[in-house]
Amino acid sequence: MALLPVDQVLLIFSILMGFSLSMPLAEMLGVDKRTSKYISIAGLLIALVIVLISPPSGSINMVSGFLSNVDAISYPIAIAILLGGIIGIMSLPVEATDSAHPYLSMILMGVLASIMLVMARDPVAIIASWTLLSVTTFAAVALARDRESLEASVRYSIVGAIASQLLIIGVAFSTPYMFPAVLGQQSLLYVIGLIAIAFTMIAIGFKLGAAPSHSWVPDVYGKASPYVVSVISGSLKLGVVGLAVYVLSYLSPISPGMLSVVLFMSVASMLIGSILPLTQTNAQRILAYSSIAHMGFIFIGLSVLAVSHDNPYAYRLALLGVVFHTLAYALGKSGVFAALNYIRRYSGGLELDAIRSSTAKDPKLTFSLSVHLLNLIGVPPLPGFWGKLFLFMAAAQNLRGLYIGQIPWLVILGIAASVISVYYYLNILRASVAGGSSAGGNRDPDLWASYTSATISIILGVFMYILSYYI
Amino acid sequence: MPVEVWWAPLVWGIPFLGSLAAGLTGIFNKRLAAILGSISLGISALLTIPLIMVYVESGDVIVSPRYTWLTIPLGNGVVDVGLGVFLDGISLVLTAMVAWISFLIGVYSLSYMKGDYGEHRYWIFFSFFVGSMLLLVMTDNLLLLIIGWEGTSLASYALIGHWYRDEEHAWVGDPGRSALKKPMWFTPSHAGVRAIIMTGVPDIGFMLGATAIILVSGTAYIPDLYKGLAPLMGDLASKGLLTGFLLLFTLGALAKSAQFPLHEWLVTAMTGPASVSALIHAATMVKAGVYFMLRFVPIFIVSSSIVGDAAIAQTRDYLAIIGGIGVFTAFMMATMAVVARELKLILAFSTASQIGYMFMAASYAGMLKEPGLGIVAGLSHLLSHAVFKASLFLGAGILIHELGSRYIDGIGIKARSLRITMLSMILASLGLAALPPFSGYWSKDLVVDTSLEAGFLQASALAIITSFLTAAYTFRMISILYLYREKESLEALPGHGKTHGEDPVAFMPYLLFAIATPVIGVAWALWINYFSEISLRGTYLHIPEIHYNPQVAVVSALVSILGAALALSIYGPFGHNILPKIRGERFLAAINRFLYDRWYFNPLLYIVFVDGGSKMIRAIGKGFEGAVIDNIYHKALPGIMESLSRILRNYQPSIINSYLLLMLLGIAILVILQMMG
Numbered sequence: 001m002a003l004l005p006v007d008q009v010l011l012i013f014s015i016l017m018g019f020s021l022s023m024p025l026a027e028m029l030g031v032d033k034r035t036s037k038y039i040s041i042a043g044l045l046i047a048l049v050i051v052l053i054s055p056p057s058g059s060i061n062m063v064s065g066f067l068s069n070v071d072a073i074s075y076p077i078a079i080a081i082l083l084g085g086i087i088g089i090m091s092l093p094v095e096a097t098d099s100a101h102p103y104l105s106m107i108l109m110g111v112l113a114s115i116m117l118v119m120a121r122d123p124v125a126i127i128a129s130w131t132l133l134s135v136t137t138f139a140a141v142a143l144a145r146d147r148e149s150l151e152a153s154v155r156y157s158i159v160g161a162i163a164s165q166l167l168i169i170g171v172a173f174s175t176p177y178m179f180p181a182v183l184g185q186q187s188l189l190y191v192i193g194l195i196a197i198a199f200t201m202i203a204i205g206f207k208l209g210a211a212p213s214h215s216w217v218p219d220v221y222g223k224a225s226p227y228v229v230s231v232i233s234g235s236l237k238l239g240v241v242g243l244a245v246y247v248l249s250y251l252s253p254i255s256p257g258m259l260s261v262v263l264f265m266s267v268a269s270m271l272i273g274s275i276l277p278l279t280q281t282n283a284q285r286i287l288a289y290s291s292i293a294h295m296g297f298i299f300i301g302l303s304v305l306a307v308s309h310d311n312p313y314a315y316r317l318a319l320l321g322v323v324f325h326t327l328a329y330a331l332g333k334s335g336v337f338a339a340l341n342y343i344r345r346y347s348g349g350l351e352l353d354a355i356r357s358s359t360a361k362d363p364k365l366t367f368s369l370s371v372h373l374l375n376l377i378g379v380p381p382l383p384g385f386w387g388k389l390f391l392f393m394a395a396a397q398n399l400r401g402l403y404i405g406q407i408p409w410l411v412i413l414g415i416a417a418s419v420i421s422v423y424y425y426l427n428i429l430r431a432s433v434a435g436g437s438s439a440g441g442n443r444d445p446d447l448w449a450s451y452t453s454a455t456i457s458i459i460l461g462v463f464m465y466i467l468s469y470y471i
Numbered sequence: 001m002p003v004e005v006w007w008a009p010l011v012w013g014i015p016f017l018g019s020l021a022a023g024l025t026g027i028f029n030k031r032l033a034a035i036l037g038s039i040s041l042g043i044s045a046l047l048t049i050p051l052i053m054v055y056v057e058s059g060d061v062i063v064s065p066r067y068t069w070l071t072i073p074l075g076n077g078v079v080d081v082g083l084g085v086f087l088d089g090i091s092l093v094l095t096a097m098v099a100w101i102s103f104l105i106g107v108y109s110l111s112y113m114k115g116d117y118g119e120h121r122y123w124i125f126f127s128f129f130v131g132s133m134l135l136l137v138m139t140d141n142l143l144l145l146i147i148g149w150e151g152t153s154l155a156s157y158a159l160i161g162h163w164y165r166d167e168e169h170a171w172v173g174d175p176g177r178s179a180l181k182k183p184m185w186f187t188p189s190h191a192g193v194r195a196i197i198m199t200g201v202p203d204i205g206f207m208l209g210a211t212a213i214i215l216v217s218g219t220a221y222i223p224d225l226y227k228g229l230a231p232l233m234g235d236l237a238s239k240g241l242l243t244g245f246l247l248l249f250t251l252g253a254l255a256k257s258a259q260f261p262l263h264e265w266l267v268t269a270m271t272g273p274a275s276v277s278a279l280i281h282a283a284t285m286v287k288a289g290v291y292f293m294l295r296f297v298p299i300f301i302v303s304s305s306i307v308g309d310a311a312i313a314q315t316r317d318y319l320a321i322i323g324g325i326g327v328f329t330a331f332m333m334a335t336m337a338v339v340a341r342e343l344k345l346i347l348a349f350s351t352a353s354q355i356g357y358m359f360m361a362a363s364y365a366g367m368l369k370e371p372g373l374g375i376v377a378g379l380s381h382l383l384s385h386a387v388f389k390a391s392l393f394l395g396a397g398i399l400i401h402e403l404g405s406r407y408i409d410g411i412g413i414k415a416r417s418l419r420i421t422m423l424s425m426i427l428a429s430l431g432l433a434a435l436p437p438f439s440g441y442w443s444k445d446l447v448v449d450t451s452l453e454a455g456f457l458q459a460s461a462l463a464i465i466t467s468f469l470t471a472a473y474t475f476r477m478i479s480i481l482y483l484y485r486e487k488e489s490l491e492a493l494p495g496h497g498k499t500h501g502e503d504p505v506a507f508m509p510y511l512l513f514a515i516a517t518p519v520i521g522v523a524w525a526l527w528i529n530y531f532s533e534i535s536l537r538g539t540y541l542h543i544p545e546i547h548y549n550p551q552v553a554v555v556s557a558l559v560s561i562l563g564a565a566l567a568l569s570i571y572g573p574f575g576h577n578i579l580p581k582i583r584g585e586r587f588l589a590a591i592n593r594f595l596y597d598r599w600y601f602n603p604l605l606y607i608v609f610v611d612g613g614s615k616m617i618r619a620i621g622k623g624f625e626g627a628v629i630d631n632i633y634h635k636a637l638p639g640i641m642e643s644l645s646r647i648l649r650n651y652q653p654s655i656i657n658s659y660l661l662l663m664l665l666g667i668a669i670l671v672i673l674q675m676m677g
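Chains as they are written, first to last, in the numbering used here: chain G, 1 to 471; chain B, 1 to 677.
These aren't lab readings, by the way, just hints derived from the structure by calculation. Please note that the accuracy of each hint is not assured.
[Claimed, not checked] Looking from chain B toward chain G, a few residues come up when the C-beta cut is under 10 Å (computed):
1. THR25
2. LEU452
3. GLU453
4. ILE629
5. MET641
6. LEU648
7. LEU660
8. MET663
9. VAL671
10. GLN674
11. MET675
[Claimed, not checked] If you anchor each label on the Cβ, the simulated ranges turn out as follows:
12. B:GLU642 <-> G:ILE407: 26 to 36 Å
13. B:PRO73 <-> G:PRO312: 55 to 65 Å
14. G:THR281 <-> B:VAL610: 13 to 23 Å
15. G:PRO256 <-> B:ILE72: 38 to 48 Å
16. G:ASP122 <-> B:ASN657: 43 to 53 Å
17. G:SER468 <-> B:MET676: 27 to 37 Å
18. G:ALA416 <-> B:ASN657: 41 to 51 Å
19. G:TYR38 <-> B:TYR651: 41 to 51 Å
20. B:GLY621 <-> G:ALA416: 38 to 48 Å
Every value quoted in this text rests on a predicted model; they were computed, and no experiment measured them. Note that the Cβ used here is the ideal one computed from N, Cα and C, for glycine as well.
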């Protein structure tokens with residue numbers, strides 16, 4: 001039940017937009033960078049509080065194509081986006097950047113766009129949110145201004161442009177099927193269905209970093225400034241997960257082929273994300289591949305969503321898996337990239353050997369890094385465990401396509417991928433704890449960001465199960 | 001109607017308390033620990049007196065309340081495990097014997113172990129041992145029997161290795177001597193390990209058997225097993241497995257009583273203090289195996305007769321095998337005693353040998369028309385042997401300690417300086433040599449009677465030959481220690497003619513035992529039937545009328561006298577020293593070595609089990625763990641993943657055009673997938 005009489009979502013949008021636009025204004029007024037950073041964090045916190053105090057109710061209203069109050073899917077994803085955004089901004093070293101204000105503005109706008117994307121329920125709304133998201137993301141990547149980030153942003157932009165085209169076409173072709181209640185069941189022209197599903201999913205795959213549109217991820221995530229990656233991967237792209245769930249809900253009833261598509265993307269992502277990083281030596285690149293793997297896991301949940309229309313239990317399990325995993329992923333990735341940023345400053349690079357011999361040992365660092373890596377591995381009671389648990393439980397339901405005979409092959413593959421990933425996560429951890437630690441007391445923002453997200457992860461993990469009753 | 005005595009379990013409980021008390025107080029005052037320990041043994045022994053009186057008066061067995069400790073659900077019912085006791089004749093006789101002998105040896109220990117560096121430890125384990133042994137013989141419950149059994153093993157290990165600093169006076173064997181390239185001298189720590197492994201591993205058979213019995217008969221209560229064992233026996237007999245099962249079940253008893261092939265541990269157990277050797281390795285623990293036979297042979301007989309011919313036949317096969325093992329051990333050990341040079345070793349071999357007789361009696365009992373005869377024979381030999389062997393060991397302890405050598409030729413004639421000990425040793429030896437009217441004569445006679453009546457002629461013959469050897473080695477020992485050979489050697493000894501003071505606390509126990517030997521002997525002769533009635537009560541066996549077969553009696557006596565005469569002729573005052581002659585002649589020297597090195601059985605064990613075992617472990621280690629597990633986890637699996645990773649990385653593009661190509665390819669794949677459904 002919404003505590004506020006006003007349209008909840010509209011309120012959130014306004015706040016985020018307001019804070020975002022205030023950043024250039026603040027620059028003009030000469031507000032100092034650190035204060036602006038705190039202002040941005042405050043804005044995100046306000047939005048977070050508003051979301052938190054309005055748990056999803058049963059009724060859904062729509063306003064100009066967007067939901068007017070959070071529903072079960074958007075509630076946790078919005079929280080994830082906001083949390084990831086807060087951690088990402090916390091780790092920003094504003095003193096060292098010339099373009100602090102534009103950057104803050106872009107991130108705030110990006111968060112807004114992401115949340116809009118989760119709430120979008122109409123072709124125009126979807127396209128609008130998607131475009132806003134793309135633009136802000138490109139800008140954020142480019143603003144870091146070092147050579148590698150610029151190169152990353154160019155790659156991202158070009159591929160992203162194509163992806164956006166694909167999405168527009170895909171959404172356009174599936175428009176008739178979005179509103180079966182209003183327009184009545186439409187008969188599907190076979191080719192239309194093929195194109196709709198293929199294009200939409202490739203575009204979504206691009207934005208998320210799932211196979212087969214994953215190729216940019218190792219280069220972009222692996223080379224851009226870690227704090228930028230922390231915001232993009234830990235916060236901004238999560239809105240697309242919400243979009244994916246919505247897309248599945250109207251596309252999967254019309255075509256049985258949807259399941260094969262999502263399954264393929266899931267399996268390919270998991271395999272690529274688990275096997276390729278095994279021989280990598282750059283920590284940031286390893287984590288880039290791990291993002292691909294994690295998207296693979298989320299796609300497991302999406303596959304189950306695709307076939308569980310008549311099985312509310314499986315549907316619920318899959319939903320829980322997707323949203324919990326998203327939450328865990330948000331905290332984990334934003335936190336770990338923040339930590340990497342800190343390490344990079346002391347070790348001149350993120351190769352594993354460089355990390356091993358760096359002097360950046362701090363107890364907070366070790367703690368945060370351990371928590372985040374364990375979260376990504378999926379160790380209880382951290383949230384990552386819960387996400388994977390529900391995902392695997394969902395995939396273990398005996399639904400069409402998920403079983404070969406009596407064998408739940410998807411679960412087995414998922415578990416295998418998890419297990420393989422332990423190797424490279426621990427590699428990173430081992431490199432970072434080699435050689436003892438310093439006394440601590442470091443007040444570096446990266447460190448605090450990482451530490452905060454670690455603490456939040458732990459607390460969240462412990463109470464995660466209770467959260468599941470609300471969804 | 002069985003008499004219920006509620007305090008009977010205290011007899012085995014109080015020594016455990018004594019052990020605990022000794023443990024706690026010994027930290028402050030070692031003498032206090034010793035005194036508390038021996039007091040607990042004394043109380044236990046005193047408590048047996050009213051038990052005996054109740055038993056004799058009531059004319060029936062003694063039981064106690066069950067004091068249930070565990071109830072284990074099993075199938076449709078429960079198995080009750082309780083702390084109660086069941087005292088039929090066999091149990092009661094053994095309880096009284098163990099309690100009193102333990103107490104008296106405890107008194108001896110007060111003097112013998114005084115000031116020892118491990119005195120505190122000694123009393124903890126000594127009392128613990130007595131508690132376990134009493135538990136073993138008194139309990140009504142198979143599970144507690146096992147607990148008591150293992151408790152004695154533990155205490156035995158601790159006490160054999162008591163002098164863990166491995167001083168040479170505690171060693172067994174000639175340092176530096178080896179046979180088949182295996183060392184033949186043993187330190188206390190080594191001996192302790194040998195003991196517990198050689199008795200512990202066969203105990204697995206015992207426990208397997210006990211488990212099967214409890215599972216199938218649904219009860220652990222021993223008196224119920226007389227009839228209750230029938231289903232299991234019937235089932236096994238019909239598959240022809242009964243003999244094997246019974247042998248497996250008896251494995252623990254054979255090991256505990258040092259019967260062939262599990263006899264080696266007893267030999268090296270002589271590294272323990274003499275009181276330990278007397279109590280554990282002569283009077284009580286090694287008799288546990290005999291108790292096992294005495295307890296279970298009637299059960300086997302009754303149950304198998306319920307089942308039928310197949311069971312009876314297979315049970316008899318089993319009994320014949322055990323009896324055969326017994327008589328063979330008796331002979332084998334006697335041959336080793338004849339050439340042994342260490343005082344305690346002679347006594348150790350003799351113990352194993354005499355226990356062989358007891359096994360013979362207990363097993364051949366099953367073939368008799370009146371099994372009761374064999375049981376009584378076994379029990380009476382157990383009793384008489386316990387008494388005189390304890391005396392011999394305790395005396396030996398004093399001799400070794402006071403006169404500074406563990407070898408009989410090292411002690412030599414100096415032994416005469418300890419008068420009271422001399423008296424005691426001679427009296428006890430006469431019992432061991434089975435000369436009438438000493439106790440050993442009557443009980444051994446009954447044993448031979450049993451085996452003759454059961455129809456085992458070769459076994460009986462071997463038993464009689466062993467009697468001859470027994471008398472021979474006993475008199476050899478006595479002669480070397482106490483008989484003048486050459487006047488000059490005697491006068492040359494320092495302190496010639498003087499006597500050592502002997503501590504009464506030490507000599508009272510063994511003097512008592514020594515005097516008891518002829519007394520018990522006379523008692524056997526007169527009151528054997530009364531004894532048999534008492535001992536067989538509660539065993540469902542018919543109480544036989546015991547007569548001594550006059551021919552056997554005479555032959556036994558003659559054989560013993562002959563053996564003694566032979567020994568005296570060689571080692572006595574008019575004897576010639578034949579040892580150089582033996583060593584000179586190659587054949588005789590070879591026999592001497594063969595017997596001295598215990599038929600090379602010990603090196604064989606080490607070659608087969610120790611060397612063989614370690615080679616096997618190393619092969620498995622290298623072969624399986626090294627080749628298979630190591631390779632899979634450290635070479636193969638990582639190798640595969642690494643190659644896979646490197647190969648796939650080649651397909652990761654880094655040019656933007658390739659990204660787009662891949663995306664278009666992806667679209668194509670998705671379309672195809674949808675078409676395939």
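Results for each hint:
A least Cβ separation of about 50 Å between B:THR25 and chain G goes past the 10 Å threshold, and the interface hint is therefore violated. At its closest, the beta carbon of B:LEU452 sits 71 Å from a beta carbon of chain G; the interface hint therefore is violated under the 10 Å criterion. For B:GLU453, the interface hint is violated, since its Cβ never comes within 10 Å of a Cβ in chain G; the closest pair sits about 69 Å apart. Taken as an interface hint, B:ILE629 does not check out: its beta carbon lies about 18 Å from the nearest beta carbon of chain G, beyond 10 Å.
A least Cβ separation of about 5 Å between B:MET641 and chain G falls short of the 10 Å threshold, and the interface hint therefore holds. Evaluation of the B:LEU648 hint against chain G yields a held restraint, the C-beta minimum of about 5 Å falling below 10 Å. For the restraint placing B:LEU660 at the interface with chain G, the shortest Cβ-Cβ distance is roughly 6 Å, inside the 10 Å limit, so the hint holds. Restraint check, B:MET663 versus chain G: the minimum CB separation of about 5 Å is within 10 Å; hint holds.
Restraint check, B:VAL671 versus chain G: the minimum CB separation of about 5 Å is within 10 Å; hint holds. The beta carbon of B:GLN674 is positioned within 10 Å of a beta carbon in chain G (closest approach about 3 Å), and the interface hint is therefore held. At its closest, the beta carbon of B:MET675 sits 7 Å from a beta carbon of chain G; the interface hint therefore holds under the 10 Å criterion. Taking 26 to 36 Å as the suggested C-beta distance range, the pair B:GLU642 and G:ILE407 conforms, at roughly 28 Å.
The beta-carbon spacing between B:PRO73 and G:PRO312, approximately 43 Å, falls outside the hinted interval of 55 to 65 Å. For the pair G:THR281 and B:VAL610, the beta carbons lie near 51 Å from each other, so the given range of 13 to 23 Å is not met. For G:PRO256 and B:ILE72, the hinted distance range of 38 to 48 Å is not satisfied, since their beta carbons lie about 58 Å from each other. A beta carbon spacing of about 35 Å between G:ASP122 and B:ASN657 contradicts the range 43 to 53 Å that was offered as a hint.
With their beta carbons about 36 Å apart, G:SER468 and B:MET676 fall inside the hinted range of 27 to 37 Å. For the pair G:ALA416 and B:ASN657, the supplied restraint of 41 to 51 Å is violated, since their beta-carbon distance comes to about 33 Å. In this structure the hint that G:TYR38 and B:TYR651 lie 41 to 51 Å apart at CB holds, the actual value being about 46 Å. The hinted window of 38 to 48 Å between B:GLY621 and G:ALA416 is violated, with their beta carbons roughly 30 Å apart.
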